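Line by line, the protein sequences are chains A, B, C and D. Per this note's numbering, the first sequence starts with residue 1, numbered consecutively. Per this note's numbering, the second sequence starts with residue 161, numbered consecutively. Per this note's numbering, the third sequence starts with residue 456, numbered consecutively. Per this note's numbering, the fourth sequence starts with residue 1086, numbered consecutively.
Hints in this document: simulated from the structure, not taken from any laboratory. On a predicted model such as this, the values are computed, not experimentally measured, just so you know. No residue lacks a Cβ here, since even glycine has one placed at the ideal position from N, Cα and C. Heads up, a few of these hints could be off.
[Claimed, not checked] So the derived list for chain B, only partly shown, Cβ under 10 Å to chain C, looks like this:
id	residue
1	K214
2	S253
3	I257
4	A258
5	A271
6	G376
7	V444
8	I447
[As the list claims (entries may be wrong)] With a Cα cut of at most 20 Å, we get these calculated EDC-like pairs of lysine to aspartate or glutamate:
id	chain 1	residue 1	chain 2	residue 2
9	C	K1026	B	D432
10	D	K1252	A	E148
11	D	K1252	A	E29
12	C	K1026	B	D431
13	D	K1252	D	E1166
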Amino acid sequence: MMGIVDKIKEIDGTKVTVQRENRIFVDVEKERVIGTLYSMKLIGFSQLSVLSVIDRIADNQFEIFYVLYNRDEKVNATVRVWIDRDNPVIETAEKIYPSAHAWEREIAEMFGVKVEGNEEAGKPFILENWNDLPPMRKDFDSIKYSSEHFVFRHSEDKNE
Amino acid sequence: MVSTILIAICVPLLAFAIGLTFIMFKLKITARVQRRYGPPIIQPIYNLLKLLLKEDNISHGVIFSLGPIIALAGSILAVFFIPIPGLNLLTGSGDLIALLYIMAIGSLGMALGAGNTANPNASIGISRALTLMFGYDLPLVIIVISVILQYHTTNLADIVAAQANGHWTLWTLPLSAIVGFVVTYGALGEHPFDIITAPHEVATGPMVEYGGKHLGFLMINHMFHIYIEIALFVDLFLGGASNLFWFYIKMFGVFFIMMLCDEVFLRFKIDDAVRFFWKWPTVVALISLIIVLVK
Amino acid sequence: MNMSLELLLATPFIGGLLTYIGGKVHRWVRNLIAVLFSLATVGEMAMYYNTTFKGVVWGSLFGSNLVLQTNPITWLFLFIVTAISLLVIVFSIDDMKKEEDEIVLDSYYMQLLFVEGAMVGIVLAGDLITFFMFWEIMSWTSYFLIVHGGKKSMAAGYKYIIMSVIGAYAMFIAIAMLYAKTHSLVYSDVALALSQASPSFIIWTVVLLSVGFFVKAAVMPLHTWLPDAHSEAPSPVSPLLSGVLIKMGAYGLFIVFYGLLSVNLAKNIMPSVFSTPILLYIIQWLAALSIVLATFLAIMQEDAKRLLAYSSVSQIGYVVLGLATGTSLGVAGGLFHALNHAIFKGLLFLAVGAVIYRTGTRNMSELGGLVKKMPFTFTALLLGIIALAGVPPLNGFVSKWMIYEALIQKKEVFLLIMAFVGSTGAFLYVYRLIHSLFLGQLPEKYENVKDVPILMQIPIWILALSTIVYGIFPGLAMDVIVKGMKLFGFTPIAYNLFGFPEGTAMGSLTVINIAAVLMTAFVAVFIIFILFPKTRQVSQYDNYASGQELTPDFKYNYSFGFYMSFGRVIKPILSMSIERVYNYWIDAFKIFGDYYMRRIYTGNLETYNSYIVIVVTIAAAAVLLGGKLW
Amino acid sequence: MEKMTQDQVRTIANMLRKRSLWMIHYCTGCGAMELPPTMTSRYDMSRLGLAPFVTSRQADILLITGYLNVKTLRRVITVYEQMLDPKYVIGFGSCALNGGVYWDSYAVIKQLDRYIPADLYIAGCMPRPEAIITAFQDLMDLIDSGKADGYKRYKRDLAYYKENQRKVLG
């Protein structure tokens, strides 16, 4: 496992932390993300397992992480990048990992992250004619939304 | 004159009753094969009457409603061409070859009616139904010809008469009888060949848009169809009976064996079904045909 | 009285010329003259209902006088020719209105009447020279008719005329051989000469003659021109071509085998298999092959008219199969099927022409749901497809039944199986036609389609009614056929107005009972159906698609490649097509031609001058030494 | 006399409808897993005359097995309207009753009968086959007594249902 960590360290501009067995984190700047992903693929991380977002609302940032898996070495590595929360824009990783296409469409709809280069990212993916805040954001209040749009069974306004 | 009207009314009713009892037994037999109790014996009557008494029926156009009516009329017509023990109805005015063509009216009516909907399931179901019909028609024709050549007549009543007291075609032409059983099995759309109304693939095929009384009439047509297919098989190969009781016993025997194999097979793909029909049943039928020619 | 045979022959030709001249005057004058003259020919034809005329000499050529004759069999074909031509002309008045420039229309009507005249000539011909003369006129005028259909029809017409010419050469050689033997080519003299001729001479002449007829009757190996010609021809011409023109090939076969060469003569000069002469048996196998293979090809077609064209190839296979059986029941079945095929194939082509007139397209996967907009054409097409599939109450069934009974009596079992397979296959492609044209989802762009104008509906309706009439009362046509066959030495078969009593074949048939019981059953079921709770109409987009809303911009019902799954089963059979063999030989000749052509026409002037000099010297020498050499 | 025969026909019809109930169910929620055991040999619902069918035109009962989010609600409404009268709706489990564990979700509807008339609910966070069969028997009693008139309610106050549906589906 340590051989891989040294190889990852060779990619410049990456800060590698090994939490425990098979738990590697690679922190990268916003500009170097695509470069790092490309070199990770060269090293052997052939599969993009998960691409998602953690909504760090406290310090007004989105943390986007790519979980990559190396089939030969049987090792997982997560590339993390922090981007600004107010206008979150990232480049598409579609060219390197084709499976990123669907993930990017989901984070575009659920978190409002704008993805350049993936033309279907803006289009509706799961929700139909949704006109409120992207629902997965922490500042979206689900209970308020559901009490506005739906009527609970034993609510006060006894209709009908 | 009165007797003809009487016959004209109660022969179709008799055919319908026999078909109905077969469907009753079918539900019970398949339940027993799957080790479950199964619906009450007269469940098909409940189903049929419930369908006919539906308050609201939809139709996609005149042809959509006429389809089941044409199919049922064609089946009633075919019933008159099969000799019932005791009275040979219309067999004089149209022989075995005419009967093969008359049985096509039923599928034409169903296809026209179901074709009128814009539903993809319906048109796929019809194309499968006609392809399957083309498949099992080849062996059916070969065995019909071998029976005709054996008895030197195309008149069904004479064929039945020729098989009197015991020497059925089953003993003289065993190969043709086996192929006849497989072909009747395919024609009835039993389990390995229920490609037409495969609920998992094409949502009951042609019947996808039919509900209420339309579906009720299609069910009645299916009962007539069962009667026609099995009565034809019994008349051709098991020598048609002298009285109604033996006729029913023979038909029920054939149907019972079919129901037993019904639950055991998996469904064919449509082109595999046609390949199956054009391979083994056709070869076996040709062998028995050559035997008849040589004899 | 006998003058009128020439009059009957001349009316279409005079009519043709007059329509051309009338066209110059005004459009309606031309239409009127065309209809009047075709009506006149039908009237004259009706006069010869069951009269027989032996030799009416109307001229002589190379010492053998040209003879016209008529008997019930020729009357049957005369009836087919004149009736269908009249209906086609009436149909094309409105249908060809889209053709703007009048000159094309003038020549179109002229050629229609010329083709009719040529076919009348063939049928009335009493000797081989008139027969061959009118045969050629028919080939050429029908070529011009096919070419009317626009650019793609040029290639189709070109292929048609090449193959017809090859067939005509074969016939010409046979006629020349016969002429060398007997200087008079009247049928009776030829029959006399053939009875004494050596078997190899007979076989050669008969084979050469039937090659010519096979090209025109589109029997399998020589059929490749038909699908292109019939589908590219303008829509009123296709019924004429496939309803009538290919029957001339069948008539020719009948004349050769049963007119010139009577059945028992053929029996004793050739070994016979299943009690039919070997030559006839081979023809039966060719016909059966063309039934099955053309049905498979028709099932896989995407274009409505090509489908009908392939079905013509397979249905004419039935006619030839019937004619070649040799027994009186089989030949009667073949002739009756020729009449039935002319009726229901004409009906189908006219109905498809009506659809093309309204929607402008022939591609079956673009059409659909027209039953709501064109109910009349739908019922006509429905009657047509029921007749073509051979379902009892209509006319297709009776003639097929006769052919099957004849084959069973002769124990020719494999031919019977192929005929049955062809008929069930016919059921498949016939349903495909009505399903993709009329049933299913109506595309947006055909929302405002109306039914065809009255003038186009009349012919369709006449043909639809005649499928019912000849289906329920086969006796009408059987009177003519049986009386005619008596002249050619066949034992007459027992028949009555409604079908065939006990004796004729293994079984008996009365179609009126089938039709009556079907009608009463239909009415009874309809009444019971009405008693139950009423139905409400639902829009075509309100379909069960597990909850998904259907929108008009997408064609939901499955119509492209309708029998794709069946196509996978017969893929090996479809892959070996005869056309590829012909194309291979055509390319071979082309390469051979180009190679040597460049040798001769080198393109520089000196070689051409030298050729001229050489030719001149040879000519001079021939003239100078002329007297001494011979 | 006319009134009397009308009632007789209705009672006979109800008796027949009770005995032959054809159901269509979409595996929209986790309840669909409970149906195979009820159909197969251990509980065998077909002995009551029930049978699973595939198209809405042929079905009498629409089973809503579990939670319904907004997207599937649109399809379920189309299927419900395509079914032929008399038709009945059974809501499975607590998610159809009051949103169940998804009570605070932005996507799951909280009450089934605000959008399509539900004749019967089965409590339980996925009821077992025995509960399903007793529910069917209760439905049969409702049909017999003529109280299972969900389809009539849908026709009568269609505006109310359409208004609710428009509010949610937009």
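Quick rundown of the hints versus the structure:
no. : hint                   : verdict
1   : K214                   : 7 Å, holds
2   : S253                   : 4 Å, holds
3   : I257                   : 5 Å, holds
4   : A258                   : 6 Å, holds
5   : A271                   : 6 Å, holds
6   : G376                   : 8 Å, holds
7   : V444                   : 14 Å, violated
8   : I447                   : 13 Å, violated
9   : K1026(C) with D432(B)  : 13 Å, holds
10  : K1252(D) with E148(A)  : 10 Å, holds
11  : K1252(D) with E29(A)   : 45 Å, violated
12  : K1026(C) with D431(B)  : 11 Å, holds
13  : K1252(D) with E1166(D) : 18 Å, holds
Figure legend: structure checked against the earlier numbered hints; hints not met, in rising order: 7, 8 and 11.
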